[in-house]
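J.: Given these sequences and hints, build the entire structure.
Just so you know, the protein sequences line up as chains A, B and C, in that order.
The numbering of the first sequence is the numbering used here, which starts it at 58 and goes up by one.
The numbering of the second sequence is the numbering used here, which starts it at 521 and goes up by one.
The numbering of the third sequence is the numbering used here, which starts it at 4 and goes up by one.
Heads up, a few of these hints could be off.
List time: in silico SDA-like cross-link candidates among lysine to any residue, alpha-carbon distance up to 20 Å [claimed, not checked]:
no.	chain 1	residue 1	chain 2	residue 2
1	C	Lys188	C	Lys242
2	A	Lys201	B	Gln865
3	C	Lys191	A	Asp250
4	C	Lys242	A	Leu253
5	C	Lys324	B	Leu732
6	A	Lys228	B	Ser572
7	B	Lys697	A	Leu111
8	C	Lys360	C	Pro132
9	B	Lys663	C	Lys324
10	C	Lys242	A	Leu111
Quick caveat, the hints were computed from the structure, so don't treat them as lab data.
Just so you know, these numbers come straight off a predicted model, no measurement behind them.
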Amino acid sequence: MSGAAARNRERGPFGRLAWGAYAAAMDLPERPMRWAQARLRDGRLGWLFVGPNLIVFGLFTFLPILIDVVFALTGGTALLPSQRPFVGTQNLAQLLACKNYLHPSSCYDDQFWYGVWNTAWFVLFQVGLMIVFSLATALVLNRKIIGRGFFRAVFFYPVLLSPVVVALIWKWMLQRFGVLNAALQGVGAHPVDWLLNAHWAFGWTVFVSIWAHMGFYTLILLAGLQAIPRDIYEAAAMDATPPGRVFWRLTLPLLMPNLLVVLVLALIRAVQIFDEVFVLTGGGPGSATTYLVEFIYNTGFAQQVRQYGLASAASLLLAAVLLVLTLTQLGLTRWSAKRG
Amino acid sequence: MAERGGVFAMLTATRGRGRFDWTDWATYLYLAFGVFLMFGPVLWLGVSSLKSRAGLDIYPPRFLPYERAQVHIPGVDRTLPLYRVTAGPLAGRELAQVRRIGLMAQMVDPAHGGTVIHVPFRDSRPVLRLHAAWSNYSALLTKLDFPLYLWNTVFITVVATVITLLFNSMAAFALSKYRFSGRGAVFLLILATLMIPPTIVLVPNYLIASQLGLTNSLWGVIWPGVATPTGVFLLRQYMLTLPDELIEAARMDNASEWRIYWRVVLPLSAPALAVLAIFSVMWRWNEFLWPMVVLNRSSKFTLQLALNSFQGELATQWNYLLAMTVLTLLPITVIFLFLQRYITQGIASAGVK
Amino acid sequence: MIRPNLAVLGLAVPGLAVLGLAALTFAATFAPAVAAHAAELRVMCYSDGNECAVYADLAKGFEKQHPDVQVRIDTVPYAQITTSLPVQLAAGHGPDIARVTDFGATGKYLLDLRPLLPDAAYWTREFGPVLDWMRQGPKDTGIYGLPTQLTITGPFVDKTLFEQANVPLPGPKATWDDWAAAVAKVAKATQTPFGMAWDRSGHRFAGPAISYGARYFAADGTPAVVDPGFEAMASRFVKWNQDGTVEKDIWAATGTGYRDAFASFANGQIVLYLSGSWQLTRMDKQVGNSFDWVAVPNPCGPAACTGMPGGAALVGLKGTKHPKSVAAFLDYLAQQPVYQAMMERTSNIPASASLQKASLHYGLSAAGNAALQVFLQSVQSLSPIAYHLQGYKYNQVIFNTTANRLAQAIAGQITLPQAYARIASDLRQQLAAAKQ
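T.: Below is the structure:
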């Protein structure tokens, strides 16, 4: 390491301190690792490096899936699997028992189906509108505008805020005596109980989650737009192609891989909506904004009789949906890679 | 082309030079509206957090933190709210209200003191003055254990980020620079965890955490999330681009594999590590559902949990709640101000959040 | 895309972080070791007013007598007690002592203090009937906890608004219908947004329902919630919510869980607030004399004029490593002078027989004392059904489903008959799951 001294000088006092701390800490495993290296055949050493990660994955991701299955097949209220009686598919049957799947109130477990349908509607509106708005914003930000960095930052800022903070900000504005109702009264309209009306409350959960996440998707789409080579447009301009045609025939197809990534990412996240809504509406009014994860949380954690079996069965159903979505994403990535 | 330039430019980012046409107006209008919509609520939160409890009760709300003016009257042991009389013989005078009985208010003139004047309550309006209630913030420090929650959150964020960087980079190093039996399987396994979000393993994870004695411990929040598939994937892709010759050269120098990892590969992966570090800080600072399940002692609460529990408990004290919300979003905001470009570029290139 | 100068950052961040980590681990490892005592009792506590602070203060006296024991009071929101504590207990990681109201969910984790108490007879003499609520069945004679208070539900009224509207307060035999009409009139006259609000809780709802003839249990003793009496009150309550007499927000705005309406009352948004005696300290502190507030006797119905009794208790938990210290601490609090101080300082109705007869010196205002007297008198008019329901092991299942299903009906999501059917099926399903 001949350049070490020179590099050290470049780092300055702050950097030297940081590097010193880093080196001191990272030198600690040197001896055991050297010992292992001497004894393991070359290939085995890789396992040592992936080991810590795999152990954590095993403990907190793969093992829990197995336990989920055990829970889903057992009943009672005990937490330890050994104390839970086997009930077979009873939990699943209970969730799926329904006279008419379109009417949650006709189902044995109506809360679950409210959750399913609410989530379905939420996904439809939230993902649809979010893609439209992030695309529009990305197109606008892609123009030659003054202060693009500033505007991009403004649209992105809410992404960094925690769901609790986001929900509180909007709860504060949507109160009966909040600023929104004051504005309404200012223009002579009647105040509205925004979070008390089922349709408004649903609409606000959609809006707030778009508000909080739009910036992220905008960034991805903007990156995609900027990757489109300029000369393609210049060629189109030479041919005097109508702008609408350019958008539909050039921009959109070229942006398609990014749009698909955004679509699937947004779908995966929307299906799991919980935090913001939990703080904003608590699932109300009634169960108008009770989404699937909140159903799982309520069933497993918030009732006197804790039905882990039901909660786990619902989790597995949700996992199945997510599996399909993720596989779709992988498929799409391959497809667009081949095409590109 | 000239007359089409506007729409064309809107969709292709090649605006006609030198002209400020209607598409530009539309663009800036859109942006201005965006700024209002995206930043307005946060600004409103910030301004509101400086209002006293009485100031928050003013409806319709004022933008700036106004509150009711109070005066000291000699001989009265508390301050009295000041009212301006709007009708009757005393119209226009500012009086201090001693008490209100039903529809009548008992007032005294601060200039003269002493004698009580009866004024119909509806004929008086409270006098407002500008006042930033910094006490909302100072009360957080003394009353609400804010420093404790801040410490818990910082501890989780820092420790979890360090472990995440270490574990993920080790795994990424092995997956990108070693050929070992089972490598493909390991990589697929790690990718598969992308499909298992924490929400669906909530109950089993609680069981495991409790069996490991991690409940009500900050470590219980830290461990389950340190092995991120995103991080491994991001770092592996980056490390694949590092030339193998560097590693071979280090091996020639008789460096151990561990040394190669931390002295050669890690420093070269710094840009990707920085992106992951920023992600990890964001994830940990904002984490909510899992901490809520695993931490039940208020002495272990993170900022997010404290905020959530206060919004139930302090329903009557929005002033503290708002101040605490501001303090919770402040660190992230400051980080964003300084690292804005890195964050947005990192996210755009990695495509993850 | 990423600038090379980011490399400096990439180095500095992990470097500093490692340094920070070392310091943190050091601090985390050694800080508790210094403070460790022989026995540390963890008390999971929630406050209605100032309870936890008072317990912490009283614990100092105990620690003086037992220098080897340290009592740590963890104050948590009430929601944590109902949602997290049972999970913790199931996992075997609960505290040593907890202040709970739901004895059904914690039942099997409670520690029997009887063999550990020096004078168990004193406990049964003083706290007899309330100790029964914590037991598993008629054969169980265990002593599981110290009742921290007896509570009774009842309405608070904003008298100032009545005076402004020039409407007389309904008399002691007035029905809920009378009160609903009166508060609606007052609200209209004084431009108050709503007539009344009830805490979002099936427990609060049970009082008026029993007054209107609800029996909650079938003749054979099995729970049967929906009957004509229950329907009579449920239909009224839903109607009042929909016509604006009752503040809809409280019940309808959240999907599940408890929510109180104290803020609405304190801010002058409602005329009548159905809550209970545990709110006295808060009333005194937060409402004070900003308006005249009074507690009134529980309004009547055809069957009774009842509220619901209730109570919280500090219970010992089986998982503790120091059962003797747990018993010693609770026994210390149960002794008359300490218990009296606890009641007086928290402004609660004592659960002990001898103190109920004694006159206590509460630190309450005149208004607070007057309200307390009203609650004490309300104890006389409690219906036996109310006592029975409060002692029922799975009463929380009844209360939760009542609140959640009626809230759905209020929000217009389901009809009342559907809500009734759901209450019955929820009860069936959850009791079956609990017994599996």
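J.: Taking the hints in turn, state whether each one holds.
T.: Right, here's what the structure says about each hint:
Straight-line distance between C-alpha atoms of C:Lys188 and C:Lys242 comes to about 16 Å, which keeps the hinted pair within the 20 Å bound. With a C-alpha separation of about 18 Å, the suggested pair A:Lys201 and B:Gln865 falls inside the 20 Å cut-off, and the hint holds. Our distance criterion of 20 Å between C-alpha atoms is met by C:Lys191 and A:Asp250, whose separation comes to about 19 Å. Distance hint between C:Lys242 and A:Leu253 is fulfilled; the C-alpha atoms sit about 16 Å from each other, no more than 20 Å.
Taking the CA atoms of C:Lys324 and B:Leu732, the gap is about 18 Å. The hint holds against a cut of 20 Å. Of the supplied pair hints, the one linking A:Lys228 and B:Ser572 holds, its CA atoms being roughly 19 Å apart against a limit of 20 Å. Distance restraint check for B:Lys697 and A:Leu111: the Cα-Cα separation of roughly 17 Å lies within the 20 Å cut-off, and the hinted pair is therefore satisfied. Restraint check for C:Lys360 and C:Pro132: the C-alpha separation of about 16 Å stays at or below 20 Å, so the hint holds.
With a C-alpha separation of about 32 Å, the suggested pair B:Lys663 and C:Lys324 falls outside the 20 Å cut-off, and the hint is violated. The suggested pairing of C:Lys242 with A:Leu111 is violated, with an alpha-carbon distance near 58 Å, which exceeds 20 Å.
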